[in-house]
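Number of protein chains: 4
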Amino acid sequence: MKVAVVGYGYWGPNLVRNFSWLEGVDVKYVCDLDRSRLDKVSSLFPNVSITTTEYQQILDDPEVDAIAIATPVNSHFQLSEAALQAGKHLLIEKPMTDTVESANRLVELAKEKDRVLMVDHTFLYTGAVRKIKELVDAGKIGEIYYFDSVRVNLGLFQNDVNVIWDLAPHDLSIMTYVIDKKPVSVSAVGVSHVKDGLENIAYLTVFYEDTTFAHFHMNWLSPIKVRQIMIGGSKKMVVYNDMENTEKIKVYDSGVETKPGSKDELYQTLVQYRTGDMYAPKLDQTEALRTECRHFIDCIVKGIRPISDGEFGVQIVKMLAAAQASIEQQGKKIRLDSL
Amino acid sequence: MKVAVVGYGYWGPNLVRNFSWLEGVDVKYVCDLDRSRLDKVSSLFPNVSITTTEYQQILDDPEVDAIAIATPVNSHFQLSEAALQAGKHLLIEKPMTDTVESANRLVELAKEKDRVLMVDHTFLYTGAVRKIKELVDAGKIGEIYYFDSVRVNLGLFQNDVNVIWDLAPHDLSIMTYVIDKKPVSVSAVGVSHVKDGLENIAYLTVFYEDTTFAHFHMNWLSPIKVRQIMIGGSKKMVVYNDMENTEKIKVYDSGVETKPGSKDELYQTLVQYRTGDMYAPKLDQTEALRTECRHFIDCIVKGIRPISDGEFGVQIVKMLAAAQASIEQQGKKIRLDSL
Amino acid sequence: MKVAVVGYGYWGPNLVRNFSWLEGVDVKYVCDLDRSRLDKVSSLFPNVSITTTEYQQILDDPEVDAIAIATPVNSHFQLSEAALQAGKHLLIEKPMTDTVESANRLVELAKEKDRVLMVDHTFLYTGAVRKIKELVDAGKIGEIYYFDSVRVNLGLFQNDVNVIWDLAPHDLSIMTYVIDKKPVSVSAVGVSHVKDGLENIAYLTVFYEDTTFAHFHMNWLSPIKVRQIMIGGSKKMVVYNDMENTEKIKVYDSGVETKPGSKDELYQTLVQYRTGDMYAPKLDQTEALRTECRHFIDCIVKGIRPISDGEFGVQIVKMLAAAQASIEQQGKKIRLDSL
Amino acid sequence: MKVAVVGYGYWGPNLVRNFSWLEGVDVKYVCDLDRSRLDKVSSLFPNVSITTTEYQQILDDPEVDAIAIATPVNSHFQLSEAALQAGKHLLIEKPMTDTVESANRLVELAKEKDRVLMVDHTFLYTGAVRKIKELVDAGKIGEIYYFDSVRVNLGLFQNDVNVIWDLAPHDLSIMTYVIDKKPVSVSAVGVSHVKDGLENIAYLTVFYEDTTFAHFHMNWLSPIKVRQIMIGGSKKMVVYNDMENTEKIKVYDSGVETKPGSKDELYQTLVQYRTGDMYAPKLDQTEALRTECRHFIDCIVKGIRPISDGEFGVQIVKMLAAAQASIEQQGKKIRLDSL
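Chains as they are written, first to last, in this note's numbering: chain A, 180 to 518; chain B, 180 to 518; chain C, 180 to 518; chain D, 180 to 518.
Chain A extracted, bound-state conformation:
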């Protein structure tokens, strides 16, 4: 199996490193427009055969089975379309593309060409998220009431994407993976503190058909780094604090059981409280990207469907696009099926 990694900026080296570790996988190419970046490849990864600034060279090489794309998001569609047209399997850095249309187009094309199309939503492959998914699927959490995410820090202000496109793909992918229901609409508010700049703080809400709902706080202007997700269920509640070195996941045997109550009485409690033990399950420590790269190769070899496949990627792009539209309409609720 021969792989090419396209884009050697922040994330590219991680892809090269993890694909290099996999047995039976060769990283034949690393491609980037910036020659100075490529110069670093040979010393760090002497196993990489060829570095090139010419993407076409990779497309033309029949030995290349799969391409991993880690370039800025506005180039994803063009590079991906060409890769699928050339018959390559594809792993695209998240977010998949910058429009719903182009994301959908890639899904169709992958079907047409019968190629694996996977989006690099790395968080799904962490020990922590896999554990949450396992708990939810086993019915331990019960019905999910809410999903609340905070991802804030003093971050790099970017000028090609706003804070939602930068940070929300992580949390939206976790939500989509964990909650087995269809989101219906999205609203978002955000502001920029840079003149004519993109939003650097934003809040996003995702609504479902029932009362389940999800909320996201994204902020490049926070003095402290917070990476926390709370999931409230009818049976148990989960707090996932990614800043903890150990005990990232805490499962609380706490909750409420509601029962009918008269509205006439003041301060009457309608619910029964339950607080019990908390436990922090042991998590698989394998690097998420390693698990993911192996999954990508497995999907190609065994013909299975990736966890974060093209359709999954489309859902995330839809919510991002809806959030964008909502901000522009002052927080108006945008139906996802309208996109």
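You can trust all of the hints, since none of them are fake.
Chain copies aren't distinguished; within one or between two, either way the pair holds.
For lysine-lysine, the following DSSO-like pairs were computed, each having C-alpha atoms within a straight-line distance of at most 27 Å:
hint	residue 1	residue 2
1	K319	K404
2	K312	K481
3	K414	K361
4	K374	K361
5	K414	K404
6	K374	K360
Read the hints as simulated data drawn from the structure, not as lab findings.
Guided by the hints, dock chains B, C and D onto chain A, whose structure is given.
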């Protein structure tokens, strides 16, 4: 100075205790409809002269200078109006009333009768909030960019008020006190997980004329207790964690300085980062309610205007009412001047 | 059942309050040499019949069944001896007395007079310590390897007792309760930073016959407050952090399993590591002193033996006395059976 | 400047990496007895000219200016002596050697040969420790009363050194660097929970001529990882928590001021308390080993004396040897000038 405390549920005993400690102040009456509650007064506060279920008795007593009302919110207006009509100075538990109209009516009446009207927004009198106010007023924080508040825990589901009316008055009062700008509009989303119940999770956003904005997360269904406010300014940033025993306030000498940048370059940084020392100022440990009760008496004696006066209370009620209206209109932005 | 509380300083009011709450128990007397302290009793506890500065009055009153002593430690023996001689059941504030001899004498006297003699080691009655005891007794922790305690804060420098006599009784009592083995010897070091003063920082080690051992750090001069006990066992390990509001007890399914290894190989691992889940059991939130006072009354009524009986109290005093002797001999190991 | 790194186990790669980054420095050799380790050098560090299992080859190469030794401690003396004899400058991994005699011998030899002899006490070069040193030297902390260190985790049981020789060099080096006084004696206790094994838990105390003293807790059998040093001074107190991502150093404006008091009065406070602001200074984030390697090269080039020179290394070895002797004599205080 003779004071009466009306309502002896959760908060009433704290009012009695704190007024009892003040020199020159007598708690002449404690009033509650529930006789069994009054029975506890005499053993705990032998200094209280009279306990009564008859509010009129207090109104009729010319010796009573001031009344503190700590009853459920739907009774605030009626009790307050009568008190002001009877010429008493008034301290009302927050939120002031349950409608903007009634809150405004009390402000007018207090003016008419030349009585002190104060709303019991206790948080304003904590050492922590007073320190934040002091820092902001001294220009140490710079221009305030955002105010983010999280107030969540496994809380009592109430059936006369939703989670916004229960929890938001705290944080809205802090925001109003600290940010010396006029909020323009409010949007909010919330859900109830109890059939036909009131919202138990809600998110609220307050918009200002400029890019300043504030966000609030309120939740009765969280497995962990969080009470945290972040304030981002152009010069410094503040994190106020009320769950810390010490070091409740942390001031970060961190921030960004923005400067014009070209949008053509990808990933170009438009901002300059600054991270410096953090410090946690020593805070006054006096019980907030004690400081507040003293302030109330001072306002009466010296004829000064309370920090949390009637107008202040009206602003909070306006935002609560706007939030309510917004939830009912699916998160629509509600202008405060429309109320 | 009629009870008298002797000593109304820091701890006395807690005893009065908790005994007052117990059904079938009357606090007939509160006694203190300081009249001004007694003046506060009547307003706070109108249920107390008599306040007195005359201890003899209590001894002479045949109605009094039991006496609780909460005076400075140097008066414990004299007051206790008189109480037992007068046929009263006895609860003594920890440490029991200031010498091993006097503590032993009280045990003998209580036996002779057939009275209940209990020492107020309150920590044993907390939900946290009871849970640890339960886990240990159920064999969940396995063999206990070590017990490490840190109890430090910016504390009141006292001039009748040093930091060991002030703070160590808490942790020594927990150790004695939890570890079902006989300690053999004690060593301690400590210094005073006040000229001619008593030690304000000390470290104490308790040795057992096998390799189990316990260590204690006590410090009145720490900028932060730490109250933490770690217990390492062959099966599981426990961390008890008393500064946590919730999750005070964490049980780690971590440990090592040792097996023979050759010493010839460098860096060879002799042990197998195991890290698994952590869990924080729900704890009983009842106030410890309430549980303890009820236990004291139960022991009198039902003729059962107190958990923290006289013999228990003697063991603690022995270790304190040994620690004192060790400090004076520069950390020399002092055998407990030599005292 | 040409450097050779000897020993390519856990620490060696870090030395190679950091020396490789320094301008004007070539890592000419990497030496290890294990050929399989050397095989990894070329791919990771293609800049390294020669890998060898023959130490003599390095000694014989006149181009090699300096040798860094990162082998197990029992080989330090032999390798170091040969290096100095061959006229090479020397950086030895801590602890310097395993006996006081051999450490002293190296100091003499370095003087004789006029070579730089430096011990790799990396912690001294961290931003955190440099900041503490700066505060102490500027008189901000005042007179140092105590130094308390806890360094515990579930660690690798080693069978060539016990937990003291493994962990204490870090904290003893920080203490020695920060406290500008001469330690006088050492006592230590420790136990092994492995049959015939080396101590895996130990407590160590260092005494000074005055009342300053230092205490160290080292433990390979702790379920949680703690890396914390508290330094109490007459003016301020410092808590250095190395497990914090940010705010590793907290400086507390807290303390006590002692004054004469009568011993006759019970519970009389002899001291005045002061609690003020806390602040967490910004720390230099440069990798400590990088700073250290640069310092080593500077010392060679400019003829200056290393912060952690041979004499410094000897002091640490002396305390380790004294601790060992103390454990064998059941915690007896061992004078350092007796070694």
